[in-house]
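Sequences listed follow chains A and B, in order.
Using our numbering, you'd call the opening residue of the first sequence number 1 and step up by one each time.
Using our numbering, you'd call the opening residue of the second sequence number 1 and step up by one each time.
Read the hints as simulated data drawn from the structure, not as lab findings.
There may be inaccurate statements among the hints.
[As the list claims (entries may be wrong)] Computed from the model, here is a short list of chain B residues facing chain A with C-beta under 7 Å: (1) P59; (2) L151; (3) E316.
[Said to hold, decoys possible] List of simulated lysine-lysine pairs, DSSO-like, C-alpha gap at most 27 Å: (4) A:K372 with A:K100; (5) A:K14 with B:K78; (6) A:K48 with B:K58; (7) A:K14 with B:K133; (8) B:K78 with A:K72; (9) B:K78 with A:K372; (10) A:K94 with B:K58.
Predicted model, so just to flag it, every value in this text is computed and none were measured.
Quick reminder that beta carbons are idealized off the backbone N, C-alpha and C, glycines included.
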Amino acid sequence: MSQHAASGSASRVKVLNLDNMNPNVRKVEYAVRGAIVQRALQIEKELKEGVKKPFAEVIKANIGDAHAMGQKPITFLRQVLALCTYPDLLEDNKFPEDAKQRARRILDACGGRSIGAYSTSQGIECIRQDVARYIEKRDGGIPSNADNIYLSTGASDAIVTMLKLLVCGEGRDRTGVMISIPQYPLYSAALADLAAVQIKYYLDEDKCWSLDIAELKRAVDAARQHCNPRVICIINPGNPTGQVQSRQCIEDVIRFAKEEHLFLMADEVYQDNVYAEGCKFHSFKRVLFEMGPEYSATVEMASFHSTSKCYMGECGFRGGYMEVINMDPEVKAQLTKIVSVRLCPPVPGQALLDMVVNPPQPDEPSYNMFMKERTAVLADLAEKAGLTEQIFNTVPGITCNPVQGAMYTFPRIALPQKAIDKAKEEGHVPDMFYCMKLLEEEGICLIPGSGFGQREGTFHFRMTILPPIEKLKIVLQKISDFHIRFTQEFS
Amino acid sequence: MCSLEHVNPRVRGIRVSPHSRLQILAAHITQDITLGALKPFKEVIDVSSGDPHRAGMKPITFVRQVLAVCLLPQLLEKKSLPLDVRLRARRLLEACDGGSVGSYTASSGILHVRQSIAEFIMRRDGGVPSYAKDVLISAGFQSALMVVVKLLASGEEETQTGMLTPMPCPHTLPALLDEGGVTLVPYQLMEDRGWAVDLDELHRTLKTARGRCEPRAIYISNPGNPTGHVQDWKSIEEVIQFAAAERLLLLVDEVYQDSVYGEGREFISYKRVLFEMDKEYSETVQLVSFHSLSTGQMGECGLRAGYMELVNIDPEVMHFVDTMLCISITGTPVTGQLALDLMVNPPQPGDLSFDTYTQEILLTRATLSQNAQRAQEFLNELPGMSCQPAMGGIYLYPRLHLPSEIIEKAKILEVEADVLYCQMLLEDKGVCLGAGCQYGETTGNYHLRLCILVLPDTLEEVLAGLGSFYLHGHTSSP
Numbered sequence: 001m002s003q004h005a006a007s008g009s010a011s012r013v014k015v016l017n018l019d020n021m022n023p024n025v026r027k028v029e030y031a032v033r034g035a036i037v038q039r040a041l042q043i044e045k046e047l048k049e050g051v052k053k054p055f056a057e058v059i060k061a062n063i064g065d066a067h068a069m070g071q072k073p074i075t076f077l078r079q080v081l082a083l084c085t086y087p088d089l090l091e092d093n094k095f096p097e098d099a100k101q102r103a104r105r106i107l108d109a110c111g112g113r114s115i116g117a118y119s120t121s122q123g124i125e126c127i128r129q130d131v132a133r134y135i136e137k138r139d140g141g142i143p144s145n146a147d148n149i150y151l152s153t154g155a156s157d158a159i160v161t162m163l164k165l166l167v168c169g170e171g172r173d174r175t176g177v178m179i180s181i182p183q184y185p186l187y188s189a190a191l192a193d194l195a196a197v198q199i200k201y202y203l204d205e206d207k208c209w210s211l212d213i214a215e216l217k218r219a220v221d222a223a224r225q226h227c228n229p230r231v232i233c234i235i236n237p238g239n240p241t242g243q244v245q246s247r248q249c250i251e252d253v254i255r256f257a258k259e260e261h262l263f264l265m266a267d268e269v270y271q272d273n274v275y276a277e278g279c280k281f282h283s284f285k286r287v288l289f290e291m292g293p294e295y296s297a298t299v300e301m302a303s304f305h306s307t308s309k310c311y312m313g314e315c316g317f318r319g320g321y322m323e324v325i326n327m328d329p330e331v332k333a334q335l336t337k338i339v340s341v342r343l344c345p346p347v348p349g350q351a352l353l354d355m356v357v358n359p360p361q362p363d364e365p366s367y368n369m370f371m372k373e374r375t376a377v378l379a380d381l382a383e384k385a386g387l388t389e390q391i392f393n394t395v396p397g398i399t400c401n402p403v404q405g406a407m408y409t410f411p412r413i414a415l416p417q418k419a420i421d422k423a424k425e426e427g428h429v430p431d432m433f434y435c436m437k438l439l440e441e442e443g444i445c446l447i448p449g450s451g452f453g454q455r456e457g458t459f460h461f462r463m464t465i466l467p468p469i470e471k472l473k474i475v476l477q478k479i480s481d482f483h484i485r486f487t488q489e490f491s
Numbered sequence: 001m002c003s004l005e006h007v008n009p010r011v012r013g014i015r016v017s018p019h020s021r022l023q024i025l026a027a028h029i030t031q032d033i034t035l036g037a038l039k040p041f042k043e044v045i046d047v048s049s050g051d052p053h054r055a056g057m058k059p060i061t062f063v064r065q066v067l068a069v070c071l072l073p074q075l076l077e078k079k080s081l082p083l084d085v086r087l088r089a090r091r092l093l094e095a096c097d098g099g100s101v102g103s104y105t106a107s108s109g110i111l112h113v114r115q116s117i118a119e120f121i122m123r124r125d126g127g128v129p130s131y132a133k134d135v136l137i138s139a140g141f142q143s144a145l146m147v148v149v150k151l152l153a154s155g156e157e158e159t160q161t162g163m164l165t166p167m168p169c170p171h172t173l174p175a176l177l178d179e180g181g182v183t184l185v186p187y188q189l190m191e192d193r194g195w196a197v198d199l200d201e202l203h204r205t206l207k208t209a210r211g212r213c214e215p216r217a218i219y220i221s222n223p224g225n226p227t228g229h230v231q232d233w234k235s236i237e238e239v240i241q242f243a244a245a246e247r248l249l250l251l252v253d254e255v256y257q258d259s260v261y262g263e264g265r266e267f268i269s270y271k272r273v274l275f276e277m278d279k280e281y282s283e284t285v286q287l288v289s290f291h292s293l294s295t296g297q298m299g300e301c302g303l304r305a306g307y308m309e310l311v312n313i314d315p316e317v318m319h320f321v322d323t324m325l326c327i328s329i330t331g332t333p334v335t336g337q338l339a340l341d342l343m344v345n346p347p348q349p350g351d352l353s354f355d356t357y358t359q360e361i362l363l364t365r366a367t368l369s370q371n372a373q374r375a376q377e378f379l380n381e382l383p384g385m386s387c388q389p390a391m392g393g394i395y396l397y398p399r400l401h402l403p404s405e406i407i408e409k410a411k412i413l414e415v416e417a418d419v420l421y422c423q424m425l426l427e428d429k430g431v432c433l434g435a436g437c438q439y440g441e442t443t444g445n446y447h448l449r450l451c452i453l454v455l456p457d458t459l460e461e462v463l464a465g466l467g468s469f470y471l472h473g474h475t476s477s478p
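Sequences and hints are given; from them, build the entire structure.
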């Protein structure tokens, strides 16, 4: 690093440049918003400027954003938020009484009765209480303590905070974090940023992406050679795979975490998005406590939820929480300290979360409309999940596991060797080459499987099931046709 | 079991702010009062944070009306809401994916809002060009700052990146640098000159710092937080020249730019000064300036949104800034982003909401200015307290001349003396202020920070508490 330049001398090397930048940051990539999305945005711009393309619009089936794809917000939630934001509306008799009552309660808990005031870093107390009650109700009465609830800026914020907390050690002692392949790339990006070791465990594609304890054991044993495994992350329902783990599987994972002394991070943001017959969401906490004190008193865990998915789809509010179980008090103090650095989570997101955990009850005026809207959203997603699996499985070369839950499909695509060679020639990973071509020819934006991780020699893409059903049918048809063309072109 | 020794050492190294301790004490006292305990005061008055709404200041009506309509688009039909409100809401909804504030946005923020901000900056700076591509939105300015700090961070110990940091500084800054892995290199602001920046002090600081770390950035807040100092053109120019000569990235916190009230003072942005300097400066000095919703006028701290403008930063580095924004907080809340648009693009003369908006702005400005004058006069008359004239920002930062018995007591209790003073004031009078040491002070001088953007009645109660506390048992000996 050069020393003082004499005043006025023209040193053209910038103070902050690519070479002297933080080396960890350079390794960070984030596929969901990466190169293919940039190209999609560019094409959209070209379309707006009148450039002729074989399609009229770009369909962005890359990101789990329900509202962007036309899903409507739930009326009750937005009514309460509007009332909190502009309390003069409390005088407007077009708003139902239950919405007003909730708004008043939230405003009473805000400094100066304004959502513009800072809240405490852990989140507004009465909302954390409501979250604790929601968890208790969901988990058949197993107690939840508001003190163990941390409201956050979306679940992602809480996940990154926990990873940050748990990463330590040097060399062979460096923290290893077990993460599924395929996985939601926030995890790999965060781990790269923290210079933690990623320990990959493969989900079993042939068994509907289920988790296999033998595979977990293989991964952790191999990892002990070069790092110190301390954390296991699991996403249930899964992203990108959509699998909903069985209760037995969850028990097995908990047992495994105990045996291997791992901190369990359970990402449960899709907990309401379960479609397949015979599948049910089991919260890790519930299963843990039903396994008895040998486990429930010892296994350390954090579970995460958010307002971005399920039936709400309110990604733009950045609402979420985590519940920590059996955390060492000194470690918890460090967690409390670290969340205070960023002051507080957005208050509108906290208010929204309060509505999610405290929805209209059967005896309240908004109940019927609320349930109608909620049921419609989830039924629509279930229909699209089934349709997607069905149509993709009619295409030779596309193999699609049932979309049991979440919002995505992650089908396997067979690519001819010539295509793989062509891709390599152009400096692309084969499924990226495939997805780029699909984007250029059909205007459909998907994320290549390589962005999520997959077994060597296999190729996938992730598509969301969010476009409105009529549009989805068209998208599915176009992808199917493209696949057949692609296979012929490179045979 | 995961225990303290397994916690990330960088996290363990984050210093605990005395602010938390005082907040916890305040919360306990409030709870005691709710449970019926009798105190010499009926409630805690907390003016330790810059939280105008908490202190009773009202939000801007136009802002809240537009946001409400954006949240519940059925309100577009509500005739009793002014037309300009509804038109603006409709325009903003068009800028949101799927016409909903519930959608994700680009990681650097809604383009339409970034454009509004760029236009605002250009107007403010007398035509100096500003581009949306250089404006990045984040969830509060701490998030933006953390991204830049992380980018700068490298090395360990003597090779660790250092950042020149003013003393006193915003109370969240030291912990943020701890977390980011950057060494805090303190430079003293000159109290006896109204907390001005001193060039000799900057040089001296840099000289001592080199060898102990690698200083690569300088942070400054203007208007000063907590000092209230507002730099003039010459002072800004000097700092820019210093940063250029010493090859330091300039980080400028301009969050309180809308709150300048000092006689003959105005806010001048660093960018504006930079662009009036020679090309060798304006084309090379790397500058990042920060602004947010948590300002005097808006006071929308809870909406968590801010932005930074990056000047003369390489496009390749910008790419990583964007990636970091993707993963560090995965998006600024949309309501906050829209509020930024309303902040930089308020009602204009001729708009239906203009009169109300103007009244509200003028009231806030008048309250701030009157409070500043009243509080400064009062505090300067208290024995053992002296207060430099503040010209901007929303705080006062008076100096405390503490009696030796308090200093001794503090040593025994192993707390800073100004923290002890704040604790005693809180317990005795129910008034919660900020203690100087949490702003980085280690000079052996003691200070207090109080937010003066509060209702005038609230200020009177705070001053009454301070006045009677002071005269009571703790006489001064300067």
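Results for each hint:
The criterion of a C-beta within 7 Å of any C-beta in chain A is met by P59 of chain B, whose closest approach is roughly 5 Å, and the hint holds. Hint status for L151 of chain B: holds, given a least beta-carbon distance of 6 Å to chain A, under 7 Å. For the restraint placing E316 of chain B at the interface with chain A, the shortest Cβ-Cβ distance is roughly 5 Å, inside the 7 Å limit, so the hint holds. For a cut-off of 27 Å, the pair hint linking K372 of chain A to K100 of chain A stands: about 20 Å separates their Cα positions.
The straight-line distance between the Cα atoms of K14 of chain A and K78 of chain B is roughly 54 Å, outside the 27 Å bound, and the hint therefore fails. With a C-alpha separation of about 42 Å, the suggested pairing of K48 of chain A with K58 of chain B is violated against the 27 Å cut-off. Our distance criterion of 27 Å between C-alpha atoms is met by K14 of chain A and K133 of chain B, whose separation comes to about 19 Å. The straight-line distance between the Cα atoms of K78 of chain B and K72 of chain A is roughly 20 Å, inside the 27 Å bound, and the hint therefore holds.
Distance restraint check for K78 of chain B and K372 of chain A: the Cα-Cα separation of roughly 25 Å lies within the 27 Å cut-off, and the hinted pair is therefore satisfied. About 25 Å separates the Cα atoms of K94 of chain A and K58 of chain B, which keeps this hinted pair within 27 Å; it holds.
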